Amino acid sequence: MAVSPELAPWAEFFGLPVPEQESEPEQERKRGVFGRLREKLTAPRQAISPQLAGIYAPKLVDEDTWADLEEALILADCGMPATEDLIETLQQATREGRIVGGEGLAKELWQEVARKIAPAPARIPLDGEPTVILVIGVNGSGKTTTIGKLASRLASLDQKVVIGAADTFRAAAIDQLQIWADRSGAQLVRQGPGSDPGAVTYDAVAAGKARGADVVIVDTAGRLQTQKNLMEELRKVASVARKLDPSAPHEILLVLDATTGQNGISQAKLFNEVAPLTGVVLTKLDGIAKGGIVLAITKELGVPVKLAGVGEGIDDLQPFDPTAFAKAIFAPE
Amino acid sequence: MFDTLSDKLQGVFAGLRGRGKLSAADIDKAMRAIRMSLLEADVSLPVVKQLTDAIKARSTGAEVMQSLTPDQQVVKIVNEELAALMGGTAARMPIASKPPTVILMAGLQGSGKTTFCAKLAFQMRKEGRAPLLVACDLQRPAAMDQLQVLGTQIDVPVWREDSKDPVKVAENGVREAKRTARDVVIVDTAGRLTIDEDMMGQLIAVKGAIDPTAVVLVLDAMTGQTAVDVASAFQKAVQFDGVVLTKLDGDARGGAALSVRAVTGKPILFVGTGEKVDALEQFHPDRMAQRILGMGDVLSLIERASETVDKESVEGLGKRLRSGGAFTLDDMLEQMKQIRKMGPLSGILGMIPGLSQMKKLKDADIDERQMDRVEAIILSMTSQERRKPDVLNGSRRKRIAQGSGTSVQEVNQLLNQFKQMQKLMKSFGKGGKLPPGFGNLN
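One line per chain: the protein sequences are P and C, in this order.
The first sequence begins at 1 in the numbering used here and counts up by one.
The second sequence begins at 1 in the numbering used here and counts up by one.
Worth flagging that the hints you see were computed from the coordinates, not collected in a lab.
A couple of the hints might just be wrong.
As the list claims (entries may be wrong) - List time: in silico DSSO-like cross-link candidates among lysine-lysine, alpha-carbon distance up to 27 Å:
id, chain 1, residue 1, chain 2, residue 2
1, P, K228, P, K243
2, C, K49, P, K228
3, P, K299, C, K29
4, C, K276, C, K319
5, C, K276, P, K236
6, P, K269, C, K276
7, C, K276, P, K228
8, C, K178, C, K168
9, C, K76, C, K98
Computed from a prediction, not measured in an experiment: that's the story for all the values here.
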């Protein structure tokens, strides 16, 4: 079977046997999503944060360096508390003599950011029968698109996927999902617009069980975290999944737009209250958005980032690689 | 979520009162607090710098130094600077002198363009215009269907065609509008990343083909520091005329609005405040300033009050008190009813500056139940008793307590409270000036 080399990291991500690879240039594979992200970042980054140039200059670390770094982190949407936290850690390392010049600082910075965002490699083990993945987030964060790409990846790894269209609110959301399901060969469980999302979720999990699916992905309507009733609805959706399988939902993924500012903290906190998060999907991570808000979120909640998306193409969703991410955002050329 | 700027500044200025003069270190501390507050609200860093410089210059002046409440003075200055930066007055959507008015959307993916198109069309229709929606988002699956569904909901026609070329669709849409005498054309477009040159080129081509009356940038209120880069990039590509800030019904402070306004100079035309098609509001710079500072929303509170409170009854009471009439238990009952009509007490308290942060106060439901009891007590009195509470002797109080399911102590407590209120009202009546809530609601 001819398998794209792109699939190897995915197999690892889902804990599936790594498919045989065609001999393609190793370099091409390695480039991956963050390689592309870096390419996209190169041009605009110079314009956005000239501060970074100062940080990486081979000079000794001084007061200006810290001020520059603080600005760079704020511009990346890391937020004040996480920024101060990170700088404090790096200053400590400097006092201990572990950092002397710009180069050492850069290295320590990536490592520290990577450590903070995802202490262990991101994984979604498919050990449920089926594994139920609930996808939640605010309006327009990219839930449906993420699900489409995820389903397609799973399908190419020979996993049987059922998608539950529990976004019964937004006009044509079900149609959008149907198109993605058709593209990936996943089965869609749907009811009419305006129907009860809890019922759709129940149906989807039941159908997944009955049809022997490996994975059930449930799409939900976008909601702002301050909408009490809609948040309660989400709590119900999560508990409905539990009815058929006490261990479900196995994954609750918060989809977060990388351009989100400090409101991301409120999103993560309040969603986590009604549906305990197992991971974050960082979408729309292009050359302009830095997605530093995940640093603030992991500081606050300790929820790791599991997936990242940098574009609309099916290849643009990838398992999250914290080191590559940190480098892509903060690295010099 | 966050401490308000007021809270933070109170901390900075605590113990300062009466000392007479602020030191340079005090000012620096205050500036740091302001900087934090603005950054938490996602105001962009260059704008924050510009603002803090302006605020610092004013804060060292005499009005703050000699004030008894320097924290409030500083907040006032910050508020004024913010509002000034956002433009003094509300801006309007341009309308072409020769119809049709063509409005073109621009924005990132998921910013809310399609929803806003429908809201705008609905608004235009309410104003007596005849809008046509044009579905030029040919990228996102089912985007055209979404616009079609929304169009049907608000009874506005939608121009769509099976095509891969948004320029053609836009042109045909405008032609269709002219043919069918629709006077407003609202063109929905695909979301695009500003660094995606092909997609940006396509948007420029659409603009060139239909020569819109206005290009509108649709921006998510939750956007962080990138807002400025996004706005600048769209500005460079299509020179938009105004901004729409969406998803402002959440708890985002919306500092992006300030940044975009400061960097591009373009006004904010509307804010989206919900998912329903009528959830579109005019933009008010002063309210936005208060929101960014987390100052509570007094104006919305007043608006809600004037919507729900029965003005006649309140004004009648005011008039009667001014002319020397007595405040009775009936009046007290009426006041309570008016307040409760505005919604749950916790919600109202949330809109009062300072109180919005006191979570404990919000969560405590005591006040609501307390009000229920007071109501029950008053309702268990005869009308004579309500007018002249002096007649309430021991046995009457016992009867009222039994009738209302409360205790004599509670009845006594209420009567004491009432007496104090009565005294207060009398003094207001004499001075002619009434406390807030009694007349002058607008």
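Going through the hints against the structure:
no.: 1; hint: P/K228 x P/K243; in the structure: holds, 23 Å
no.: 2; hint: C/K49 x P/K228; in the structure: violated, 36 Å
no.: 3; hint: P/K299 x C/K29; in the structure: holds, 25 Å
no.: 4; hint: C/K276 x C/K319; in the structure: violated, 41 Å
no.: 5; hint: C/K276 x P/K236; in the structure: holds, 23 Å
no.: 6; hint: P/K269 x C/K276; in the structure: holds, 25 Å
no.: 7; hint: C/K276 x P/K228; in the structure: holds, 16 Å
no.: 8; hint: C/K178 x C/K168; in the structure: holds, 15 Å
no.: 9; hint: C/K76 x C/K98; in the structure: violated, 44 Å
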